[in-house]
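Participant: Quick mapping for you: the protein sequence lines, in order, are chains A and B.
According to this note's numbering, the first sequence is numbered sequentially starting from 183.
According to this note's numbering, the second sequence is numbered sequentially starting from -10.
It should be emphasised that the hints constitute simulated quantities derived from the structure, not laboratory data.
Yeah, the Cβ is synthetic: ideal placement off N, Cα and C, and Gly gets one too.
Among the hints, a few may not be true.
Only pairs whose alpha carbons sit at most 20 Å apart, straight line, appear in this in silico DMTMM-like list of lysine to aspartate or glutamate [stated by the list, open to error]: (1) Lys554(A) <-> Glu103(B); (2) Lys379(A) <-> Asp362(A); (3) Lys379(A) <-> Glu271(A); (4) Lys554(A) <-> Glu122(B); (5) Lys554(A) <-> Glu56(B); (6) Lys263(A) <-> Asp599(A); (7) Lys379(A) <-> Asp633(A); (8) Lys263(A) <-> Asp601(A); (9) Lys554(A) <-> Glu271(A); (10) Lys554(A) <-> Asp533(A); (11) Lys554(A) <-> Asp(-7)(B); (12) Lys554(A) <-> Glu643(A).
Not close to chain A: a few residues of chain B, all C-beta gaps over 12 Å, as computed [to be verified]: (13) Leu22; (14) Ser55; (15) Pro65; (16) Ala83.
A few chain A residues that don't get close to chain B, going by computed Cβ distances all over 10 Å [as the list claims (entries may be wrong)]: (17) Ala186; (18) Gly342; (19) Arg444; (20) Asp491; (21) Gly516; (22) Lys554; (23) Arg573; (24) Arg603; (25) Gly640; (26) Asp675.
Residue strings, one per chain:
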Amino acid sequence: MSTAANRYDAVIVGAGAGGGVIAGLLAEAGKRVLLLERGRSLSFRDVGRDHLRNQRLSQYGNNAGPDGPDHPRVWTDRSGKAYTTLPHEGGYSNNAACVGGGTRVYGGQAWRFHPLDFRMASTYGVPAGSSLADWPISFDDLAPYYERAEHEIGVAGDAGQMTHLPPYARDYPMPPITPDSASARTFRAGAAALGWKTFPVPITVNSVPYLGRPACIHCQHCVGFACPVDAKNGSQNTLIPRALVTGRCDLVTGAMAERIERDSGGRVTGVTYWNDRDERVTVSAEVVVAAGGAVETARLLLNSGIGNDVVGRNLQGHSYTGAQGLFPFEVVDGQGPGVSIATCEFSHGNDGVVGGGMLADEFVPLPIVVWKRHRAPGVPAWGAEAKAWMRTNYRRLMRIQGPVQDIPNPESRVTLDPDVRDRWGIPVARLSGVTHPETDRTAAYMHGRADQWLRASGAVEVYGAPPGPHLSAGQHQAGTCRMGDDPATSVVDRHCRVHGHDNLYLGDGSVHVTNGGFNPVLTIMALAFRTGEHIARSW
Amino acid sequence: MLDDAQERTLAAVTDRMVPPDDEWPGGVEAGVLDYFREQFARDFAPLVPEYRAGLDALDAEARAASESAAAFAGLPPEAQDALLHRLEQESVAAPDAWGGEPQRAARFVRRLAEHVAEGFYTSPTGRRMVGFEVEPKTGAEVAA
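Starting from the given sequences, assemble the full structure and let the hints guide the process.
Facilitator: Rendered as structure tokens:
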């Protein structure tokens, strides 16, 4: 729909992983909710299967928004030179903009952070130039909400094998997906030879029918695409439908939020946005939740004059680190989603580096992605030899990789660009900064571990380099409105409420103090369950 | 977008970049020229002048290298490969055709290789060849 009433109990900006969850909880708690989303509700056919325009390879466009030139950003390179950039281009750090947000097209790895991920400063000290800090809440505070997310969104996995974590109160609601894939068998044997423990990757894909939707059919288009049978679980097919079925939630798409309105004191009074008929609308609300992702939420707060100097700082994502291995046998069996085995041997406790990360195998790769990114050194760019190499080796190639925990720094940040405006005349986000040297050092360490695992598993050739300094944000963007007890050094309190504003909450990765050595979406969802429950109970 | 001579040259280059073999078709049969046609009207639109000039230049190179050749497409496959490899090294025989900038020749060959690969490895043929496609399991998958 495109029409909203004038007044709601709560307005939520952004229908992604966090916003969708909070909408569901508030609507079920009896609140009248307006859920604003700048993108659209996308069908399977809308998302399509274009291998050059998707959320995995955005060579010439993307398939899940935001669309075209309406939503530019600016990013700056290491020398400070600024570039205006579009959503599918490098530097933009796009996450999907549609109903469900990134969860519409994600891979769906559903990790609980490690307990030490919440205590990075206490564990490692604070490296010079970094803003490393502990979370004000602990793993134990979040555990019940991880569990809710696992059961109410739907995660397949085996809790009994997650021995790097405190014991789960409840197992995952579904057994692991493809736990015996060709890749899993290969890397299980390699890890055993090294004495490393492995386990199935927890994932938001139905391994058996669940919550009224079918099991995965193991097609090859998972990460970056929509599911043809709706077996991939995101907010768009769980908490948002739960919100809508109450009759108390209006979902308005094509809605671009311009600013959060407030009174002369500390209370916010509503949201001004542009609807899909280019009309500027102000709706009033008792509670506002900003959940547009770490980049857009920071931008919205800055455009609203809300928050302190910390807003926009500590932008982080993940240094995705790994290596490519070429095997003398097939390690890709073509059964999606593909990612099936992981190790957390190196999440923490690594000599001489700060933090670490999880390592896992890869989703079924698109052939053009292998061609563009994963050709072995020396393979020619064209001709009979190049063709033969791809034919022989596509199924013999596997990537071991994982998200290395970023060590945040305050100079990696979102600000408002002084010149560039979006289609509605709203100042756009300007991204700047590079990874902290400790992040790059940990990434190099993890690259070595990926190399080791590949070789122990039988790879005859291993290649690829760890990432150097770069602007880290992307689909795992986080940190721009960090949580903390001290209003001088954080943006939100331990309930994700913005300091100084009784009725303004954030519901996305922006509140992450650190982003863990794991894909962050389950943590975003768990925090949203916690925040939604807190709002409903305290009001 | 392209004239007939340019079309012929593009087809010839496409089948050198992904040549047919005993088991699998080459780029042309896999539909790479359709990919170019779509993209010239879309993302490659800004590149059309470069493509026209570059394809003309490949013919000029062919004539400069062989007195008997009228165009790139008329060369034997081995000579076509040798010509493209030479251009990758910025070694040009018809410098005027590249505006006096041999690096343009190398850049054009690199661009061609990338775009031909995009067309081939996103085509049903290229996807089947590497083993990406597996049997669909449901009606919905067939419809997709």
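Participant: Let me make sure I understand: some of the numbered hints might not hold for this structure. Which ones are they, in numerical order?
Facilitator: 3, 5, 10, 11, 21, 22, 23
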